[in-house]
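Every letter in the sequence shown is one number past the one before it in the working numbering, and letter 335, counting from 1, is 335.
No wet-lab data here; the hints were simulated from the structure. Where a beta carbon is used, it is the ideal one built from N, C-alpha and C, also for glycine. Be aware that one or more of the hints could be misleading.
[To be verified] Just the calculated beta-carbon pair ranges, DEER-fashion:
id : residue 1 : residue 2 : range
1  : Gln-431   : Val-570   : 48 to 54 Å
2  : Val-293   : Asn-468   : 53 to 59 Å
3  : Asn-225   : Phe-475   : 55 to 61 Å
4  : Leu-374   : Glu-341   : 17 to 23 Å
5  : Asp-399   : Ser-528   : 52 to 58 Å
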Amino acid sequence: MKRNPFKIIPILLCLLWQVGLTAIHAQEVRFDMNQIEMKGEISSEGHMTFREIYTYDVEFMNGMYITIDHDQHNLTNYRVGIVDEQGDVTYLSEGLNGREGTYKTSDDGKLLKFQIFYPAKNEQVRVLMEYTLENLVTNYSDTAELYWALTGDQFDSAYDYHAIIELPGKVNQVEDFRTWAYGHYEGEVYPRTEDRSYIEVTVPNNPPNQLIGLRAIFPTSLTPNNPNKVDAAMKEQIIEKENQQVEADLQRREAKQRSLMRRLLALSLAPLFTIYVGYYYFSRKRRLNPNPVHIPDHVYSLPADLTPAIMATTVLRNEPNSDDFSATIIDMARKGYIMIEEVDREEGKIFRRRSQTVRISPSSHLTQERYNQLERHEKYVYDYLLPDDEPVILRDIEDRIRKESHFARTKNRLWNQFSNYVSAVGEKQRQAPAERQVAISLAMFNVFVSIGLCVLMLVWVIDSPLANWLQYIGFYFAINAIAAIILMILTAAKPIRSYEEDKQIKEWQGFANMLDDIGNMRMREIASLPLWEEYLAYAVSLNVADKVIEAMNQQYHIEELQTEMHMPLVFYRNPYWINQVIRPTINQSIADAAPKPVSSKYTGSNTGGFGGGFSGGSFGGGGGGGGASGF
């Protein structure tokens with residue numbers, strides 16, 4: 001049977017249409033309700049008619065929810081409309097089917113909720129809400145009172161609010177017309193009596209979830225037909241209560257302003273400390289070394305008569321590492337105090353294997369007199385290696401440290417003595433000025449203070465009259481914090497140095513550069529072979545021993561290396577013995593000898609109105625549960 005392929009086209013079109021609908025309905029709802037304009041009219045019966053326009057900036061929405069709080073007052077004559085750009089209104093019809101251009105309501109006796117079906121995309125929508133609340137005004141024997149929340153506390157975003165509420169007649173005596181309002185501190189409320197009598201309320205950028213409450217009194221002659229009457233004189237009591245609230249607000253606001261100003265003054269002084277730290281750093285740096293010495297990139301001889309370990313703690317680091325210990329071993333072998341030779345060693349109990357290591361022995365020419373000629377840190381190294389003046393294999397030291405705790409403590413004590421002595425001598429050789437540590441400490445303290453002040457600034461300003469200037473104030477303190485961090489980096493990376501210290505460091509840096517680039521130079525023209533053997537010990541601390549050994553092999557004959565050097569030829573032929581045998585073994589033995597950290601676990605203790613600003617107190621009037629959102 002032959003099938004018609006065109007019959008499937010309508011089916012595909014339906015599927016595509018369904019997919020399109022699904023994509024549309026799945027689109028994320030995005031909108032911003034940013035303005036409410038309200039015009040109200042109070043009738044002689046004490047009713048109040050509201051005409052509110054909600055402005056939405058919409059990316060996408062299916063409609064909106066608007067809730068009116070009538071607080072058990074009778075709500076009548078409600079209508080919903082859409083206001084176009086010309087100000088014309090198209091009223092929507094109420095229904096239950098949820099069709100576009102309709103709305104439905106639900107009332108729980110206090111809140112009347114409107115669900116408005118009005119899809120919108122990338123446009124501004126203005127929704128008009130019209131309704132009347134009956135008996136909203138209370139007539140006392142001496143005054144009429146309106147005490148009501150104009151907007152509720154259920155708004156998710158900030159919005160501008162403006163309201164004009166017309167009285168049913170003109171007030172002749174200004175003393176009889178008073179207004180007060182509650183809410184955001186930037187709000188203002190005024191009783192207007194120029195040509196007609198009305199109440200004006202303005203709140204720029206009212207925060208989310210912040211209600212706007214209004215209390216007003218005016219002559220009862222304006223609402224003579226109001227059935228909501230109370231036989232009591234309340235005018236003076238209302239005025240007194242609200243004046244007390246206004247006075248309390250004023251005192252609280254002034255105290256808050258004074259506190260804020262004091263804090264901001266203190267915060268504004270923060271950059272002065274940063275400026276002082278910068279001044280201290282640069283002025284001391286210039287004073288101690290006004291004309292920094294220029295040293296060539298390559299220095300071809302030892303800048304000073306320092307051992308490798310002392311050199312390291314003078315110009316490279318504050319404390320020695322295991323490489324400086326290894327460099328001291330190489331230097332002592334060069335000087336003839338000890339002998340180093342390569343040996344094979346069997347390892348393993350079941351599967352025996354041979355490994356290469358180093359044996360260290362006292363020199364056959366070593367006497368007590370020669371031993372006494374050793375530097376103190378060199379004696380610590382000798383005692384670490386040869387406490388009994390007997391040959392020792394480096395790996396055996398490592399093995400005994402792991403097995404014998406007393407032996408490990410002895411080695412660790414000798415390492416600490418070596419480290420402490422070398423650190424102390426290096427610090428003395430550096431001749432570091434006291435101003436360096438002062439500058440570093442000031443810079444670090446300034447960073448903590450600057451960052452802390454940024455946080456305090458946010459806390460103090462974000463909910464204050466200066467909140468509108470937050471981005472500028474934040475930028476001001478952010479610049480200060482960045483400057484503080486840069487200063488801290490400068491004091492550490494380019495520390496304050498005296499002329500002598502700066503010269504010494506630059507000379508040793510030039511010497512290190514020379515060793516690093518030695519492969520591109522003619523070694524014979526720079527120094528004799530014995531001097532290169534001496535330089536090799538420094539190369540260990542400078543981590544360039546492999547480059548020096550490779551260059552020696554390229555530029556000197558085997559016979560020269562064999563006859564003019566103190567260590568066996570193999571140590572000059574292959575950097576493996578220094579870099580892969582001596583250095584790692586010494587490093588591991590020092591690490592193994594160090595005391596293991598003791599963990600501590602804490603289990604916890606077993607203990608058991610004539611116009612002006614808004615009021616900040618709690619609002620006691622009706623309403624306040626309204627809000628607006630979208631869906």
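Outcome of the hint check:
Hint check: Gln-431 to Val-570, Cβ distance near 41 Å, so the stated range 48 to 54 Å is violated. In this structure the supplied range 53 to 59 Å holds for Val-293 paired with Asn-468, their Cβ-Cβ distance being about 55 Å. Between Asn-225 and Phe-475 the CB atoms are about 59 Å apart, so this pair conforms to the stated range of 55 to 61 Å. For the pair Leu-374 and Glu-341, the beta carbons lie near 21 Å from each other, so the given range of 17 to 23 Å is met.
A C-beta distance of roughly 40 Å is found between Asp-399 and Ser-528, which places it outside the suggested range of 52 to 58 Å.
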